[in-house]
Amino acid sequence: MEFGPYLMLAMLEGAVLAAVLALMASGLSLTFGVMRVVNVAHGEFYMLGAVIAWFVAHLVGGGAALSFVAAAIIAPLAVGVLAAAADITILKRIDYDPERTIVATIGLLYVIQQVTLMTYGPDARPVEPPFNSRIALPWIEWGEGGPSLYFPWGLSTTSYKLFVIGAAAVLILAIRLFMTRSRAGLIMRATQLDSDMATAFGIPVERVYAAVFGLGAALAALAGVLIVPIQQAHYLMGGDALLLSFIVVIIGGLGSMAGTIVAAVLIGMSDGIISVFFSPTLAKIIATLLVALVLVFRPQGLFGTRDR
Amino acid sequence: MSRIVALHLGLVALLLALNFLLPAYTHGNIARIMVLAVYAIGYNIAFGYTGLLSLGHAMFFAAGMYGTGLILRFSELSALPAWGVGLACGAGLALAVGLLALRTAGVAFMIVTLMFSQAVYLIILYFGAFTRGDEGFVIEAADRMIWGLDLGQPQVRYLAAWALFSVVLLISLRLVRRPAGRVFVAIRENELRARLLGYDTFRYKLLALVISGTISAASGGAYALLFGYAGASFATVQYSIFPLLWVLLGGAGTVLGPFLGTLFMFYLIDIASGLTEAYMLIAGLALIGLTLFAPQGIAGVIRARLWKDLP
Numbered sequence: 031m032e033f034g035p036y037l038m039l040a041m042l043e044g045a046v047l048a049a050v051l052a053l054m055a056s057g058l059s060l061t062f063g064v065m066r067v068v069n070v071a072h073g074e075f076y077m078l079g080a081v082i083a084w085f086v087a088h089l090v091g092g093g094a095a096l097s098f099v100a101a102a103i104i105a106p107l108a109v110g111v112l113a114a115a116a117d118i119t120i121l122k123r124i125d126y127d128p129e130r131t132i133v134a135t136i137g138l139l140y141v142i143q144q145v146t147l148m149t150y151g152p153d154a155r156p157v158e159p160p161f162n163s164r165i166a167l168p169w170i171e172w173g174e175g176g177p178s179l180y181f182p183w184g185l186s187t188t189s190y191k192l193f194v195i196g197a198a199a200v201l202i203l204a205i206r207l208f209m210t211r212s213r214a215g216l217i218m219r220a221t222q223l224d225s226d227m228a229t230a231f232g233i234p235v236e237r238v239y240a241a242v243f244g245l246g247a248a249l250a251a252l253a254g255v256l257i258v259p260i261q262q263a264h265y266l267m268g269g270d271a272l273l274l275s276f277i278v279v280i281i282g283g284l285g286s287m288a289g290t291i292v293a294a295v296l297i298g299m300s301d302g303i304i305s306v307f308f309s310p311t312l313a314k315i316i317a318t319l320l321v322a323l324v325l326v327f328r329p330q331g332l333f334g335t336r337d338r
Numbered sequence: 261m262s263r264i265v266a267l268h269l270g271l272v273a274l275l276l277a278l279n280f281l282l283p284a285y286t287h288g289n290i291a292r293i294m295v296l297a298v299y300a301i302g303y304n305i306a307f308g309y310t311g312l313l314s315l316g317h318a319m320f321f322a323a324g325m326y327g328t329g330l331i332l333r334f335s336e337l338s339a340l341p342a343w344g345v346g347l348a349c350g351a352g353l354a355l356a357v358g359l360l361a362l363r364t365a366g367v368a369f370m371i372v373t374l375m376f377s378q379a380v381y382l383i384i385l386y387f388g389a390f391t392r393g394d395e396g397f398v399i400e401a402a403d404r405m406i407w408g409l410d411l412g413q414p415q416v417r418y419l420a421a422w423a424l425f426s427v428v429l430l431i432s433l434r435l436v437r438r439p440a441g442r443v444f445v446a447i448r449e450n451e452l453r454a455r456l457l458g459y460d461t462f463r464y465k466l467l468a469l470v471i472s473g474t475i476s477a478a479s480g481g482a483y484a485l486l487f488g489y490a491g492a493s494f495a496t497v498q499y500s501i502f503p504l505l506w507v508l509l510g511g512a513g514t515v516l517g518p519f520l521g522t523l524f525m526f527y528l529i530d531i532a533s534g535l536t537e538a539y540m541l542i543a544g545l546a547l548i549g550l551t552l553f554a555p556q557g558i559a560g561v562i563r564a565r566l567w568k569d570l571p
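Chains as they are written, first to last, in our numbering: chain A, 31 to 338; chain B, 261 to 571.
A couple of the hints might just be wrong.
[Claimed, not checked] If the Cβ cut is set under 10 angstroms, some of the chain A residues that face chain B in the computed set are:
#1 V70
#2 L312
#3 L325
[Claimed, not checked] Derived Cβ-Cβ restraints for the label pairs, each shown as a range:
#4 A:V145 <-> B:V398: 30 to 40 angstroms
#5 B:D530 <-> A:I165: 47 to 57 angstroms
#6 B:Y489 <-> A:L167: 23 to 33 angstroms
#7 A:V99 <-> B:E537: 27 to 37 angstroms
#8 A:I103 <-> B:G352: 49 to 59 angstroms
#9 B:N289 <-> A:L192: 40 to 50 angstroms
#10 B:W567 <-> A:T149: 37 to 47 angstroms
#11 B:L359 <-> A:I303: 47 to 57 angstroms
#12 B:L267 <-> A:R66: 49 to 59 angstroms
#13 A:G269 <-> B:L430: 35 to 45 angstroms
#14 A:I303 <-> B:E537: 33 to 43 angstroms
#15 A:G269 <-> B:N289: 24 to 34 angstroms
#16 B:A284 <-> A:M41: 36 to 46 angstroms
Keep in mind that the hints were calculated from the coordinates and are not lab data.
Quantities reported herein were computed from a predicted structural model and do not represent experimental measurements.
Just so it is clear, CB atoms sit at the ideal spot from N, CA and C, and this is done for glycine as well.
Please build the complete structure, drawing on both the sequences and the hints.
Take a look at the structure:
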């Protein structure tokens, strides 16, 4: 394959990663924005989404499409309820102290991961996509008679991958509308701005926190359901995903939703492209060092504004 | 001699006496626990006394381990100077990381240290030609000699681990009772107030981090020498979480806490791994339980209930 089509292929793969990452990172960003806590167990909620999708696919009959829809409903609900329960039983008790929350969610990470290992096992297992037709992509070539379209061998994507990109975009738009237009979103934003004042106005802040924590986890689970037909479900898949979402949320500016989306596209695309042309390990080294330096020298993120 | 000094010397003497009493399996375990407890003591200087919650101490442990191991593998130096190089690597890395990371605080500090540590882990993997990546490499028995003594031999290994542990324990006891140690605690309790009192808190935090990193590297280098293996798994996030867990369990900001925590957690995980493959479940439950119910840890409870002056 020539360079042009090759680059386009890398960008398509990057776009799929960016879409899933944007969804997952918005969950992390939402939790941080409203509650001011970092949820280290976020990657495990993503993993749970993928693993639940596998279980659903094997328990619900009636074909890949039906079980996919079932998984897309059941997995976020189950994970959201689990996270809200963890919030009430653990985080509420330690008063959302930022440092202790990190230690507790590290504990939660190991508990979820290891219980999955005990029940689901150490194997990586695939889930069949609901639809998966191969789509060949055209490339423009300048020949003697002007530009012409042709289909280079190997330049193709699947309908499912395009669906993932579209679905993530729709979901992110829906969250945006939910936060800006709905009453629940208004309450969440009020809590984010000033939780004491919100309490004074009769907002049940603790219930808002539980809901936000659950919603953030549900978004991660949904990202897990979307990715599992492309990647296999494995009990350790949360680690890399968590690291990437951290990178995205920090580069985008902690708690800023718009910045998170921009950073997800940036990181996802560049990770896809760099990994194709260079060593993936080198790409990760550069990304992690970059994040550390961004936090040191520009703690508000590349796109964020300073705290009031 | 005060009761406090007597208590710590008593522990050192007890561990020496155990060398002659313990059955072979426990003997080996305690040697390992003493080396890992040195790591926990190092972590405790930063986290327990100065309040710097780092999630990346594995990079200092790994710096000591690989500094020592790679020198032995690729040069003619003998064990003791190689270990010295490992210490220097840890100190240098801690200084560099500290100069950058200490510009942040709290959650940002945790994430910055986590990211630096992850970068060190990835760098070890990237240079797999030298480090043999995840697989790691074995350090030849011929390289593990100090003054004609074979460190791989159980008696020598135990006594070497004991000597290192004793020295580091007494150093940490001395440190926290000296003015510098008091300033560390002042920073932990209220950094702004410490600064208002005229202390350059940045320099003290940097000092604490360098001491902490150097002790962690001493433990990593000793681990490579005594157990003859260096591998990238020791640089993973898990090995940054372990000292946090040990110190929380034993009691953050106590001199004996790191040893107690390492001892209990080692056996807890040892027993759990006999029962299930998912032994890290115990670590997870312990972390949650400790944050919820016993943030002071074992020695912290003793200090609160029984012995107010326990350092």
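Against the structure, the hints come out as follows:
1. V70: 9 angstroms, holds
2. L312: At 6 angstroms from the nearest chain B Cβ, A:L312 passes the 10 angstroms test, so the hint holds.
3. L325: 5 angstroms, holds
4. A:V145 <-> B:V398: 30 to 40 angstroms: 35 angstroms, holds
5. B:D530 <-> A:I165: 47 to 57 angstroms: Since the Cβ atoms of B:D530 and A:I165 sit about 54 angstroms apart, the hinted range of 47 to 57 angstroms holds.
6. B:Y489 <-> A:L167: 23 to 33 angstroms: The hinted range 23 to 33 angstroms is violated for B:Y489 and A:L167, with Cβ atoms some 49 angstroms apart.
7. A:V99 <-> B:E537: 27 to 37 angstroms: 34 angstroms, holds
8. A:I103 <-> B:G352: 49 to 59 angstroms: The hinted range 49 to 59 angstroms holds for A:I103 and B:G352, with Cβ atoms some 54 angstroms apart.
9. B:N289 <-> A:L192: 40 to 50 angstroms: 56 angstroms, violated
10. B:W567 <-> A:T149: 37 to 47 angstroms: With Cβ atoms ~44 angstroms apart, the hint holds.
11. B:L359 <-> A:I303: 47 to 57 angstroms: Check failed, 33 angstroms falls outside 47 to 57 angstroms.
12. B:L267 <-> A:R66: 49 to 59 angstroms: Hint violated: Cβ distance 41 angstroms, outside 49 to 59 angstroms.
13. A:G269 <-> B:L430: 35 to 45 angstroms: Check passed, 39 angstroms falls within 35 to 45 angstroms.
14. A:I303 <-> B:E537: 33 to 43 angstroms: 38 angstroms, holds
15. A:G269 <-> B:N289: 24 to 34 angstroms: 29 angstroms, holds
16. B:A284 <-> A:M41: 36 to 46 angstroms: Cβ of B:A284 to Cβ of A:M41: about 60 angstroms, so the range 36 to 46 angstroms is violated.
Against the hints set out earlier in the document, violations occur for numbers 6, 9, 11, 12, 16.
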